[in-house]
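Produce the complete structure using the sequences and hints provided.
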Amino acid sequence: MALLEATNVTKRFGGLTAVDKMNFVLDQGQMVSIIGPNGAGKTTFFNTLTGIYRPEEGGIQFNGSKLIGHRPDQIASLGITRTFQNIRLFGSMTVIENILVGMHYRLKQNGITVLARSGSFKREEAEAHARAEEMMEFVGLQDVGNELASSLPYGGQRRVEIARALASQPMLLLLDEPTAGMNPHETSEAIALFRSIRDKLGITILLIEHDMHVVMEISERISVMDYGRKIAEGSPAEIRADARVIEAYLGRGAAAQLTFQEDSNGAAQS
Amino acid sequence: MLKDLKNRTASFLGPLLAATKKGRTPYYITIGALLISTLLVYLNPLSVPAFLLFLLSVSLVYVMPLKRVFRIIAAAIIALVLVPVIGIRNIFYLEVIFQISIFAALALGLNIVVGFTGLLNMGYIAFYAVGAYLWAFFGSQQPFLLYSIPGTVPPGTPFLLNPNFFFLFLFLGAAVTAVVGILLGLPVLRVRGDYLAIVTLGFGELIRVLANNLDKPINLTNGPQGITRIQRPTIPTFVLDSWNTIFGPIVGRPIAEGEFYNLFFYVLALIVIMIVIFTVIRLDDSRIGRAWTAIREDELAASAMGIPVVRYKLAAFAVAASFAGVMGVLFASSRIFVNPESFDFMQSIAVLSMVILGGLGSIPGAILGAAVVVILNLQILQGLSLWLSSLRQSDAVIPLINFPFSSISAQLDPAKYQRMLFGLILILMMIYRPEGLIPAKRRRREMLAKKKEIELEITDTKPAIESEAEHGAA
Numbered sequence: 016m017a018l019l020e021a022t023n024v025t026k027r028f029g030g031l032t033a034v035d036k037m038n039f040v041l042d043q044g045q046m047v048s049i050i051g052p053n054g055a056g057k058t059t060f061f062n063t064l065t066g067i068y069r070p071e072e073g074g075i076q077f078n079g080s081k082l083i084g085h086r087p088d089q090i091a092s093l094g095i096t097r098t099f100q101n102i103r104l105f106g107s108m109t110v111i112e113n114i115l116v117g118m119h120y121r122l123k124q125n126g127i128t129v130l131a132r133s134g135s136f137k138r139e140e141a142e143a144h145a146r147a148e149e150m151m152e153f154v155g156l157q158d159v160g161n162e163l164a165s166s167l168p169y170g171g172q173r174r175v176e177i178a179r180a181l182a183s184q185p186m187l188l189l190l191d192e193p194t195a196g197m198n199p200h201e202t203s204e205a206i207a208l209f210r211s212i213r214d215k216l217g218i219t220i221l222l223i224e225h226d227m228h229v230v231m232e233i234s235e236r237i238s239v240m241d242y243g244r245k246i247a248e249g250s251p252a253e254i255r256a257d258a259r260v261i262e263a264y265l266g267r268g269a270a271a272q273l274t275f276q277e278d279s280n281g282a283a284q285s
Numbered sequence: 005m006l007k008d009l010k011n012r013t014a015s016f017l018g019p020l021l022a023a024t025k026k027g028r029t030p031y032y033i034t035i036g037a038l039l040i041s042t043l044l045v046y047l048n049p050l051s052v053p054a055f056l057l058f059l060l061s062v063s064l065v066y067v068m069p070l071k072r073v074f075r076i077i078a079a080a081i082i083a084l085v086l087v088p089v090i091g092i093r094n095i096f097y098l099e100v101i102f103q104i105s106i107f108a109a110l111a112l113g114l115n116i117v118v119g120f121t122g123l124l125n126m127g128y129i130a131f132y133a134v135g136a137y138l139w140a141f142f143g144s145q146q147p148f149l150l151y152s153i154p155g156t157v158p159p160g161t162p163f164l165l166n167p168n169f170f171f172l173f174l175f176l177g178a179a180v181t182a183v184v185g186i187l188l189g190l191p192v193l194r195v196r197g198d199y200l201a202i203v204t205l206g207f208g209e210l211i212r213v214l215a216n217n218l219d220k221p222i223n224l225t226n227g228p229q230g231i232t233r234i235q236r237p238t239i240p241t242f243v244l245d246s247w248n249t250i251f252g253p254i255v256g257r258p259i260a261e262g263e264f265y266n267l268f269f270y271v272l273a274l275i276v277i278m279i280v281i282f283t284v285i286r287l288d289d290s291r292i293g294r295a296w297t298a299i300r301e302d303e304l305a306a307s308a309m310g311i312p313v314v315r316y317k318l319a320a321f322a323v324a325a326s327f328a329g330v331m332g333v334l335f336a337s338s339r340i341f342v343n344p345e346s347f348d349f350m351q352s353i354a355v356l357s358m359v360i361l362g363g364l365g366s367i368p369g370a371i372l373g374a375a376v377v378v379i380l381n382l383q384i385l386q387g388l389s390l391w392l393s394s395l396r397q398s399d400a401v402i403p404l405i406n407f408p409f410s411s412i413s414a415q416l417d418p419a420k421y422q423r424m425l426f427g428l429i430l431i432l433m434m435i436y437r438p439e440g441l442i443p444a445k446r447r448r449r450e451m452l453a454k455k456k457e458i459e460l461e462i463t464d465t466k467p468a469i470e471s472e473a474e475h476g477a478a
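Just so you know, the sequences run in chain order A and B.
Per this note's numbering, the first sequence starts with residue 16, numbered consecutively.
Per this note's numbering, the second sequence starts with residue 5, numbered consecutively.
Simulated from the structure, these hints should not be mistaken for lab results.
The C-beta atom is built at its ideal place from N, Cα and C for all residues, glycine as well.
Mixed in with the good hints there might be a few duds.
Claimed, not checked - Stretch-level coverage of chain A by chain B, calculated; a stretch enters the list once three of its residues show a Cβ under 8 angstroms from a Cβ in chain B:
#1 36-44
#2 81-88
#3 107-113
#4 119-130
Right, here's the structure in full:
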């Protein structure tokens, strides 16, 4: 059974249809990318999945429950967490605190046990701290637990954001342009990290990405969006050869020329 | 120039300060300062500088590097022996400390909403009013005066409740105002930022105007005249007697019940403020406090991380409101009188400026802010006013220019410039020390990080310029 199934999802902003009858299926354990030109509706689609926007039409099923009408925090507690296109860390909190916030709904202490500093409170806090340290190690951050999140370099902040999203032990992780602004070295480290998230933690990953090296290297399946619609779907090789995709990226003339030359390698990269 | 001066004073003060922190020196300094200042206040009960010196030496207990046990013992002795003794020597000091406690609790409550959660609440004093009017209504004859003309009390009107219900109402006040906080929050918390400030401002005024006008059609609040003869709990005679036998010789005279009430409310306020501090510290260092801070930092990201934002905002409102509610009950009973004037907009602003002055999100900061503002209000400005008026009545003249003090206009009375001084302090704070007098730990780190960043940028650009220059030369 599919882990995530979106059917006919439509999101409009006034006259603009940002996501148009989007159908999307994601199986457990997959690593799938959504690509498309700027303004294609990728992030808007993410926002409808995570409850930030409520779509006008369509339905979203996740792990047997309907997502539409749920608040973002409810969706997070169902097992979908995400990172943001422009990093959104809690800047004045430390790295550890950021990750602890990610664990929020996994922690069960209420006002009374917090005020009483009960045994269960102390145990849970200690466990949470230990788990946060583990999470930091997993994403490759060392000795920065007590640093302010905003004081970290860009790549470090990306890692903290991923650690924060992983802290709640989600089933599905949504990454919105996770390698944007990274240098090639950082990018290859990020790719290794995504693989280990999927393989070691067993978390399904859906990512929006512009870097075609990354997309082609790690995706098992790629969905291409343009003008709010899904225009193509398939394996990396299929997408490379798809005329509609090339057209969306490069325009009709270039697409005709490229398909004629059957040179599909460089097309999507630029 | 200025930096040079700063460096020079630092090089001079640095070793001196370091010396005060070595070995047992801090203990000697703290004990010595406390003893001397207590003696000074004891001998000159009317001297404002002596009292300020006393408060400063009290703050040493917090500032100096002392052992925890010593701190606790010192604080207990100060709170239970020194302050009562000098407070009976001059009852006004007890009033000052009582007001500091009340406003410190309010500031700590508002700090949760504004400092931790980042919701600007401009009508916070309304919760204080709700608490005060709650006991004012049930603790007076008001329930039997619903249909009488406002301001008149028919002879023989009984009280509704036994005065000792006051203690129950301390808890009830907290509960009721927490519910009011939630009820206000439900519709209000859907608006954000500036809009929230405006809506809460409206709520604050609403409560005050209700208190002002609910003498008709049913006389609930007695209107602008306020409710009076609010009951105080009864004090058992043996408590008063034992106080007099122990402390009577030290203070120099036995005290009557009326004076003892000042002590009683002082101790009660102290207990409440302890509970408030305890609550705030523990909440802050837990998933609840982290959720509040996360909401302040980035609401959208917080909700995407699984934090039910509205519920946590409501919790912040409710906790903050309950602090104000308890203190309201205490205030009403200690004054035996409440009227709408005590809860006007300026009071909300005063509490807000205490929080900002002390440092947003900082617990010791909120307390210090409350202390500074109350002392400024009740002690320094009024002390200056008294001094000026005594000069005005004397024949003294300003030497060189031969200007008689008696012709100084009464408009120059410092007490009249209270608000202006507040404004000035806030402006200067925002420019020179935006993180507050005692910055919150988080904010302190933040400011430090910013500083580091700037320094890094400076050192970063230097080599770049140099290498460019080299490049040009080559």
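Now the hints, each set against the structure:
{"no.": "1", "hint": "36-44", "verdict": "violated (count 0)"}
{"no.": "2", "hint": "81-88", "verdict": "holds (count 3)"}
{"no.": "3", "hint": "107-113", "verdict": "holds (count 4)"}
{"no.": "4", "hint": "119-130", "verdict": "holds (count 7)"}
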